[in-house]
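Participant: Chain by chain, the residues run as shown.
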Amino acid sequence: MIVRSLQLEGFRNLATQSVELGAGLNLLHGDNGQGKTNALEAIHLLSSLRSFRACRLREIIGHGLARAELRAQLTVGRAPLALRLVLEPGGRRTWLGERPARDPAEFLGQLQAVAFTPDDLAMVKGAPAQRRRFLDRAAFLLQPAHLLLARDFSLALRARNRLLRTGRFQPEELSAFSETLARLGAELTARRRACVERLGPAFQRVCGELLGRPAAAGLGLQAGWREAGGERGLLGELQAGLERDRRRGATGVGPQLDDLELGLDGQPARRFASQGQQRTLAVALLLALVDEVVGGGAEQPVLLLDDVSSELDAGNRRRLFERVGALAGQVLVTTTDAGLLGELRGAARVFEVRDGRLLARQ
Amino acid sequence: MSESMKRLVGLLRQLPGVGEKTAQRLVMALLNAGPDFGPALADAVREVAERVRPCGVCGNLTEESPCELCADPRRERGLLCVVERVPDLLAIEASHEYRGLYHVLGGSLSPLDGVGPDELRVEGLLARLPGEVREVILATSASVEGEATALYLKRRLSALGLKVTRIASGIPVGGELEYVDRGTLGRALAGRREL
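Chains as they are written, first to last, in the working numbering: chain P, 1 to 362; chain E, 363 to 557.
In case anyone wonders, no lab produced these hints; they're calculated from the structure.
Hints may be right or wrong, so weigh each one.
Facing chain P, a subset of chain E residues (Cβ under 10 Å, in silico) [what the hints assert, rightly or not]:
no.	residue
1	L471
2	L474
3	P479
4	D480
5	S503
6	S505
7	R517
8	R518
9	L522
10	L524
11	V526
12	D543
13	L547
14	G548
Heads up, the beta-carbon is just placed ideally off N, CA and C, and yes, glycines get one too.
Generate the whole structure from the sequences, applying the supplied hints.
Facilitator: So this is what it looks like as structure tokens:
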């Protein structure tokens with residue numbers, strides 16, 4: 001999947017412009033605050049309808065403007081596809097070609113992109129919610145039906161929590177939502193586990209490549225409930241924890257507490273890996289996903305790497321860009337480091353980013 | 363635009379699927395449809411608003427209570443189909459495959475929207491049972507709320523010794539597999555049956 005061109009209007013600090021991207025590696029070079037990350041964010045927004053930054057809609061719309069508009073021309077397989085997204089204070093509107101999208105779900109699957117931002121450097125050590133988000137995104141890219149399941153589960157969880165918080169419900173009513181939650185939850189964790197098992201070998205391989213040595217790296221899923229019991233077991237745990245859940249006004253057992261564990265050399269990376277190793281593992285996780293999506297016969301998602309190399313030493317950085325440069329699909333990399341330009345001579349296209357403009361260098 | 367036109371546009375806009383432009387188009391069409399159409403439409407709207415009420419038995423929309431479905435002696439009284447809303451009932455009726463009775467809940471359980479059993483016609487349903495009814499068909503939607511509502515009703519009905527069934531979900535008849543959405547296809551595979 002390739003983003004051939006991108007038209008931006010009123011998007012953060014970026015000037016109104018049309019950008020032609022290369023099919024392979026694209027390097028966006030410039031000082032901080034010039035708009036490099038915003039350009040990646042625009043693609044990510046078209047992919048997921050969510051920013052990779054925690055932010056409100058009105059922060060995305062350029063200062064003093066009423067609306068922002070993004071358009072992208074893609075090549076999916078061999079077919080062209082145009083996406084259009086308009087952001088206004090009242091909300092967002094989406095189009096596929098000339099036709100308004102039926103619903104967000106229809107728009108979401110079209111441009112597949114995976115992003116790595118400086119926030120992802122905390123993937124190994126940070127809050128479990130971040131790893132669950134990655135896992136659900138990965139599972140969605142490997143099995144599209146995962147999106148619907150994750151949404152339904154989240155809805156059932158919020159519904160049950162609302163009953164617990166208000167405390168006004170019939171016993172049969174709470175049971176109905178507990179049963180629904182158990183059915184969806186058991187399937188959600190099972191799918192996450194299948195995803196982790198698929199990613200494991202690729203993760204091990206990519207880690208070795210990035211670290212420049214054979215590495216015993218692995219992935220594991222720590223389920224937020226006793227998985228062996230299956231759907232009935234989860235329902236039993238929900239019923240057994242009812243009094244605790246009522247006091248807390250929240251459900252204390254289930255996939256909402258699942259966690260992805262990253263291991264290196266037989267130890268939990270969260271506690272034993274060095275800062276530098278943790279960064280490499282976080283990048284490896286994303287590259288493993290890209291490999292696995294491509295290995296499954298699907299097109300490579302567009303890979304967005306924001307400022308990925310700044311904290312890596314020279315050897316790790318060289319190996320990372322060799323690895324990324326060897327990918328067959330489209331990659332966008334931002335950097336403030338002019339030295340990287342020399343290292344990546346084979347880059348398909350280099351953009352200088354200044355004052356919100358992306359200028360292709362000849 | 364005159365004040366009276368603006369007022370009508372404002373009212374039409376409150377209807378589902380009608381925006382400013384559509385509302386204006388409707389008003390224009392109304393004015394162009396001849397002198398009798400507007401008053402006739404106004405009379406029809408008034409009549410519907412004044413006469414149509416939910417059936418006191420099943421919740422179907424009707425001018426007589428009980429409604430013509432409840433009163434029809436040819437309907438099979440051993441079967442009761444529970445739906446969320448009146449359009450669901452109309453859809454099942456249009457299939458001509460079902461000759462039993464109905465019960466319209468008025469929605470589905472949705473704690474996030476403040477809809478509990480008291481907001482639905484649940485007690486009305488229980489009051490009808492068992493009577494002559496042998497089987498209750500739960501035809502709530504296949505959404506999270508619809509499924510939870512079906513599970514809730516199953517529990518409330520369990521003491522009555524009735525047969526309680528749930529409509530199947532899956533591939534549309536005559537449908538090509540490749541055009542079926544992913545969620546439906548997944549559900550259809552999970553709910554497969556032996557041949």
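Participant: Against this structure, judge whether each hint is valid.
Facilitator: For each hint, the structure was consulted:
Hint status for E:L471 relative to chain P: holds, with the closest Cβ pair at about 6 Å, below 10 Å. About 6 Å separates the beta-carbon of E:L474 from the nearest beta-carbon of chain P, less than 10 Å, and the hint is met. At about 6 Å, the closest approach between the beta carbon of E:P479 and any beta carbon in chain P falls short of 10 Å, and the interface hint on this residue holds. The interface hint given for E:D480 is met, as the beta carbon of that residue sits about 9 Å from the closest beta carbon of chain P, less than 10 Å.
For E:S503, the suggested interface contact is broken, since its CB lies about 12 Å from the closest CB of chain P, more than 10 Å. The beta carbon of E:S505 is positioned within 10 Å of a beta carbon in chain P (closest approach about 8 Å), and the interface hint is therefore held. Taken as an interface hint, E:R517 checks out: its beta carbon lies about 4 Å from the nearest beta carbon of chain P, inside 10 Å. Interface restraint check for E:R518: the shortest CB-CB distance to chain P comes to about 6 Å, inside 10 Å, so the restraint holds.
Of the supplied interface hints, the one on E:L522 is violated, with its beta-carbon coming no nearer than about 13 Å to a beta-carbon of chain P, more than 10 Å. The beta carbon of E:L524 comes no nearer than 16 Å to any beta carbon in chain P, farther than 10 Å, and the hint placing it at the interface is violated. The beta carbon of E:V526 comes no nearer than 13 Å to any beta carbon in chain P, farther than 10 Å, and the hint placing it at the interface is violated. Of the supplied interface hints, the one on E:D543 holds, with its beta-carbon coming within about 9 Å of a beta-carbon of chain P, less than 10 Å.
For E:L547, the shortest C-beta to C-beta distance to chain P is roughly 8 Å, which falls under 10 Å, so the interface hint holds. Checking E:G548 against chain P by beta carbon gives a least distance of about 5 Å; that is within 10 Å, so the hint holds.
In this structure, the earlier hints numbered 5, 9, 10, 11 are contradicted, and the remaining ones agree with it.
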